[in-house]
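Student: Can you make the complete structure from the sequences, with help from the hints?
Line by line, the protein sequences are chains Z and U. The first sequence maps to residues 1 to 384 in our numbering. The second sequence maps to residues 1001 to 1200 in our numbering.
Calculated from the structure, these hints are not laboratory results. Check each hint, because a few of them may be wrong.
The calculated lysine-lysine pairs, modelled on DSS-like cross-linking and capped at a C-alpha distance of 25 angstroms, are [to be verified]: (1) U/Lys-1154 x U/Lys-1066; (2) U/Lys-1066 x U/Lys-1166; (3) U/Lys-1066 x Z/Lys-284; (4) U/Lys-1066 x Z/Lys-281; (5) U/Lys-1154 x U/Lys-1166; (6) Z/Lys-169 x Z/Lys-28.
Spelled out, the chains give:
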Amino acid sequence: MGAKLCRVQVIAAYPITPQSKIPETLVKYVDSGELEAEFIRVESEHSALTVCISASTVGARVFTATAANGLAYMHEQLHWAAGARLPIVMALANRGLGAPWTIFNDMQDSISQRDTGWMQVYCRDNQEIMDSMIMAYKICEQLHVPMMVCFDGFVLSHTVMPVEIPDQKQVDAFLPPYVPHLQVDGPEPININPVMLAGPRANAQGVFCPSYMGFRMRLQEALESAGDVILEVGREFGEVFGRSYECLLWQYRTEGADTILLTMGSLANEASLAADALREKGCKAGVVSLRIFRPFPAEPLRQALSGAKHVVIFDKNISYGNEGATCTETKAALFEGGLQPTITNFIVGLGGKNIVATDLEAATEEALKRRVQINGPQWIGVAV
Amino acid sequence: MAEDLTEERVINVTWHGRGGQGAVTAAMILAEAAYLDGYQGVTAAPFFGVERRGAPITATTRFSKKPIRTLSPATQADVVVVLDERLLQAVDVLGGLRADGLLILNASSPPEIFCTDMDIAVATSDANSIAREIGLVVAGAVLINTSLLGAFSKASSLIQMKSLEKAIGENFSGQAAKINIQGARLTYEATRINRSWQLS
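Tutor: Here is the structure:
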């Protein structure tokens, strides 16, 4: 539905639970003529993204969707899409990776792709998925960087809840048709993405082009400037649709809080219930949820955690041999700011393991009881 | 909408049916009806699993006056709706129902004969006969999911019939909408309950 409102022109996706409903719905829109787009059927996720890369290169607004092993199969092309600076938007229904097989939710799939150069936004509810899709195209087309709109598989993808559908005319005004900065066409063929050398060299027209590292640096610069673009687009979205997203973090009762529960995605809702319960007991708890994971919002995070004595981090992913990814990145951000709260990392909800507010509340209380830095992640709900 | 609820009270409804009976659809229509009834927070979800035709399946509906902040499956339902009474033997339907909860059965027998050793309220309605009579039959299968929504309204008093009828109307078109609404109305009338029940 979000893709339809954005008037995407080319869709290529391969079905995988829990994403299947997305291509199924879009193919119906295309079939009925409600959406003027090409739906290109492919035999794999690798091809799906390759089709998107090609279509985006010739100037189309493109869309794909996947999950888990499907995303892993796209890995090579994820790098290509970002390196070629294509504004591709992907819906990602977060699901755990096999082996062993699971169809259920965690964030191992998208976290494993954090270094591909894609921006990543994590949605808290279904309204945020819809709104993030519309903002994603505006952000991507400005920066020439692709974005994954991530949301918890099943937990959000298969839950029905009220969503305000933005008006098509307003979306059209907010998101005008895509004007590519470079368009490959027949009469004037150009060679794109030739092999680079370590130093700059002239192209066929004799114009000097950056080196390989020069391209890499420019991608990094684009991601560094993305925070401001995301905020500006979020503000503008609020003006048009009444729901502002002028923030890289979602915060709940953080004012005066000395204990922060930090998480991403839909778990932030449960965390807010846990914070309410902890406040009832006299613990000054608040919630910070990373809405944007790439670019990493280090500065706003430092500000949000500046008053915290204890930070309890819940990760639905793990970097094996180390700890949860948001924990590592939060520690790095705090180090740069000279902040030293105690940090406890809990690994939760892998492969759809149910995690509720009372679990988060109990884990926070356990972390507070120890009052010392605990190294290494703690696991909740393993049941071995 | 029930008026005496505290703001944050979340009402949990669990649906038990067999794959193909439409429990998931009924759970979604109930959520829509709850929203139309004025509840701000509503969600509906299938039990996160792999569904097959004929196999026992579960779905949930939640509604509250305030937006809902929990998305994990409910463990204790206020109301349990069972689309096939034989599931009472096959699945631990009652294990997920609060001790003072309400059980709604698609059954031709009177409610008094069920769960006599428990404190729960029991309502029954013969949705099978009603649906068959009015022609709610697709490919030989009698469809009772929308009819049981009428039983839900009558037995629980949590959702008004007019909201349910509107929600059903939005999910079906033309003749199908009419006949589904008729099924819900007739089932509403035919619902019997062993004692009056109120959410606590």
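Student: Looking at the structure, which of the earlier hints fail to hold?
Tutor: Result: no hint breaks.
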